[in-house]
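Trainee: The sequence shown begins at 3 in the working numbering and counts up one residue at a time.
No lab work stands behind these hints, which were simulated from the structure alone. All residues carry an ideal CB built from backbone N, CA and C; glycine is no exception. Incorrect hints may appear among the rest.
Here are the computed lysine to any residue pairs in the SDA-like style, where the Cα-Cα straight-line distance is at most 20 angstroms [stated by the list, open to error]:
#1 Lys144 / Ala89
#2 Lys65 / Lys144
#3 Lys144 / Ala108
#4 Lys112 / Pro73
#5 Lys189 / Thr134
#6 Lys65 / Ser154
#7 Lys183 / Ser137
#8 Lys189 / Thr179
#9 Lys189 / Glu178
#10 Lys189 / Leu90
#11 Lys65 / Pro158
#12 Lys112 / Pro158
#13 Lys112 / Pro81
#14 Lys144 / Thr134
#15 Lys189 / Ile130
#16 Lys112 / Ala128
#17 Lys112 / Asn71
#18 Lys189 / Ala86
#19 Lys189 / Thr119
#20 Lys112 / Arg77
#21 Lys182 / Val201
#22 Lys182 / Glu204
#23 Lys189 / Asp160
#24 Lys189 / Ser154
#25 Lys112 / Thr134
#26 Lys144 / Leu90
FRET-style restraints, in silico, Cβ to Cβ [to be verified]:
#27 Glu82 / Ser154: 24 to 34 angstroms
#28 Glu74 / Pro208: 38 to 48 angstroms
#29 Asn135 / His245: 16 to 26 angstroms
#30 Lys209 / Lys65: 18 to 28 angstroms
#31 Arg77 / Glu156: 29 to 39 angstroms
#32 Ala210 / Ala138: 39 to 49 angstroms
#33 Thr179 / Glu74: 16 to 26 angstroms
#34 Lys189 / Glu74: 27 to 37 angstroms
#35 Lys183 / Ala89: 19 to 29 angstroms
#36 Lys144 / Asp61: 19 to 29 angstroms
#37 Glu74 / Asn175: 25 to 35 angstroms
#38 Asp159 / Pro73: 36 to 46 angstroms
#39 Arg117 / Asp160: 13 to 23 angstroms
#40 Gly93 / Lys209: 39 to 49 angstroms
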Amino acid sequence: MRHTTLLFMSLVTGGMMGCKKPRESAAPVVENSKVAEQVPEQEQVHIHGGHEHHHHGFDDPTKFENQWNAPERDRWQHPEEIIAALALSPGATVADIGAGTGYMVAHLSKAVGDRGTVIAIDAAPAMITYLTNRSADLGPAKIVPQQVSGESPELPDDRVDGAITVNTWHHINERETYAKKVYSGLKRGGKFVVVDSEVDAESGPPKAMRLEAGRVMQDLEAGGFRVVIAHESMPQHYMIVGHKD
3 MRHTTLLFMS
13 LVTGGMMGCK
23 KPRESAAPVV
33 ENSKVAEQVP
43 EQEQVHIHGG
53 HEHHHHGFDD
63 PTKFENQWNA
73 PERDRWQHPE
83 EIIAALALSP
93 GATVADIGAG
103 TGYMVAHLSK
113 AVGDRGTVIA
123 IDAAPAMITY
133 LTNRSADLGP
143 AKIVPQQVSG
153 ESPELPDDRV
163 DGAITVNTWH
173 HINERETYAK
183 KVYSGLKRGG
193 KFVVVDSEVD
203 AESGPPKAMR
213 LEAGRVMQDL
223 EAGGFRVVIA
233 HESMPQHYMI
243 VGHKD
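Take the sequences, apply the hints, and build the full model.
Mentor: Here it is in structure tokens:
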């Protein structure tokens with residue numbers, strides 16, 4: 003089996019079904035979001051550390067931090083909608099699968115507060131070192147960088163209240179198996195949020211690698227989740243929410 007490096011911001015924007023299904027109400031729509039916002043040019047370059055067809059080095063995360071963690075990213079990634087879909091409580095434990103340089107880690111940290119924990123999962127050793135060194139800046143939550151093989155989130159059973167993977171799911175080879183492992187790691191009532199590229203988005207990963215939202219829903223359903231397409235207003239992404247009932 004090929005190892006797939008899960009690097010949150012190393013994967014680009016965009017991708018859903020060419021013909022969108024009606025979206026169920028799993029997260030609130032942010033009315034003031036500018037749906038027509040264009041993804042910055044920097045995000046139109048597909049970068050992935052482990053995929054055999056698109057190999058790039060991640061030995062120096064500082065080369066990417068200004069792009070990946072730029073405040074302007076909020077305009078099109080809409081992290082507030084991702085956080086809302088998780089419905090986290092203060093003190094919760096949440097996992098960011100493919101944490102990269104910590105863009106979503108910081109947002110999750112604010113959501114769970116100083117009594118909460120964010121498990122920052124990545125397969126690249128340099129990213130784990132980077133996150134460890136920046137953990138104080140990513141607070142107020144307890145930040146736990148965790149290096150994984152790329153084939154599993156390596157979460158103990160019933161450990162986390164929620165999990166996300168942003169711009170990463172299309173790089174996982176055995177997605178249904180991976181979904182089962184995420185399901186096992188969630189507490190009852192937990193949610194797994196997958197954000198990935200619209201298949202017809204103007205920017206993002208190569209179109210041959212993009213997944214229709216329906217395919218992602220099937221992956222999560224095979225993993226045991228009850229699945230809905232969440233309301234969101236990201237210009238080039240869809241958001242799937244898996245519930246562990």
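Trainee: All hints are to be evaluated individually against the structure, with a verdict given for each.
Mentor: So, going through the hints one by one against the coordinates:
{"no.": "1", "hint": "Lys144 / Ala89", "in the structure": "19 angstroms, holds"}
{"no.": "2", "hint": "Lys65 / Lys144", "in the structure": "25 angstroms, violated"}
{"no.": "3", "hint": "Lys144 / Ala108", "in the structure": "11 angstroms, holds"}
{"no.": "4", "hint": "Lys112 / Pro73", "in the structure": "15 angstroms, holds"}
{"no.": "5", "hint": "Lys189 / Thr134", "in the structure": "26 angstroms, violated"}
{"no.": "6", "hint": "Lys65 / Ser154", "in the structure": "27 angstroms, violated"}
{"no.": "7", "hint": "Lys183 / Ser137", "in the structure": "26 angstroms, violated"}
{"no.": "8", "hint": "Lys189 / Thr179", "in the structure": "18 angstroms, holds"}
{"no.": "9", "hint": "Lys189 / Glu178", "in the structure": "19 angstroms, holds"}
{"no.": "10", "hint": "Lys189 / Leu90", "in the structure": "12 angstroms, holds"}
{"no.": "11", "hint": "Lys65 / Pro158", "in the structure": "33 angstroms, violated"}
{"no.": "12", "hint": "Lys112 / Pro158", "in the structure": "24 angstroms, violated"}
{"no.": "13", "hint": "Lys112 / Pro81", "in the structure": "11 angstroms, holds"}
{"no.": "14", "hint": "Lys144 / Thr134", "in the structure": "11 angstroms, holds"}
{"no.": "15", "hint": "Lys189 / Ile130", "in the structure": "25 angstroms, violated"}
{"no.": "16", "hint": "Lys112 / Ala128", "in the structure": "24 angstroms, violated"}
{"no.": "17", "hint": "Lys112 / Asn71", "in the structure": "15 angstroms, holds"}
{"no.": "18", "hint": "Lys189 / Ala86", "in the structure": "18 angstroms, holds"}
{"no.": "19", "hint": "Lys189 / Thr119", "in the structure": "14 angstroms, holds"}
{"no.": "20", "hint": "Lys112 / Arg77", "in the structure": "18 angstroms, holds"}
{"no.": "21", "hint": "Lys182 / Val201", "in the structure": "25 angstroms, violated"}
{"no.": "22", "hint": "Lys182 / Glu204", "in the structure": "32 angstroms, violated"}
{"no.": "23", "hint": "Lys189 / Asp160", "in the structure": "4 angstroms, holds"}
{"no.": "24", "hint": "Lys189 / Ser154", "in the structure": "17 angstroms, holds"}
{"no.": "25", "hint": "Lys112 / Thr134", "in the structure": "17 angstroms, holds"}
{"no.": "26", "hint": "Lys144 / Leu90", "in the structure": "15 angstroms, holds"}
{"no.": "27", "hint": "Glu82 / Ser154: 24 to 34 angstroms", "in the structure": "29 angstroms, holds"}
{"no.": "28", "hint": "Glu74 / Pro208: 38 to 48 angstroms", "in the structure": "24 angstroms, violated"}
{"no.": "29", "hint": "Asn135 / His245: 16 to 26 angstroms", "in the structure": "35 angstroms, violated"}
{"no.": "30", "hint": "Lys209 / Lys65: 18 to 28 angstroms", "in the structure": "26 angstroms, holds"}
{"no.": "31", "hint": "Arg77 / Glu156: 29 to 39 angstroms", "in the structure": "33 angstroms, holds"}
{"no.": "32", "hint": "Ala210 / Ala138: 39 to 49 angstroms", "in the structure": "41 angstroms, holds"}
{"no.": "33", "hint": "Thr179 / Glu74: 16 to 26 angstroms", "in the structure": "36 angstroms, violated"}
{"no.": "34", "hint": "Lys189 / Glu74: 27 to 37 angstroms", "in the structure": "35 angstroms, holds"}
{"no.": "35", "hint": "Lys183 / Ala89: 19 to 29 angstroms", "in the structure": "22 angstroms, holds"}
{"no.": "36", "hint": "Lys144 / Asp61: 19 to 29 angstroms", "in the structure": "27 angstroms, holds"}
{"no.": "37", "hint": "Glu74 / Asn175: 25 to 35 angstroms", "in the structure": "32 angstroms, holds"}
{"no.": "38", "hint": "Asp159 / Pro73: 36 to 46 angstroms", "in the structure": "37 angstroms, holds"}
{"no.": "39", "hint": "Arg117 / Asp160: 13 to 23 angstroms", "in the structure": "19 angstroms, holds"}
{"no.": "40", "hint": "Gly93 / Lys209: 39 to 49 angstroms", "in the structure": "41 angstroms, holds"}
Of the hints listed earlier, those the structure fails to meet are numbers 2, 5, 6, 7, 11, 12, 15, 16, 21, 22, 28, 29 and 33, in rising order.
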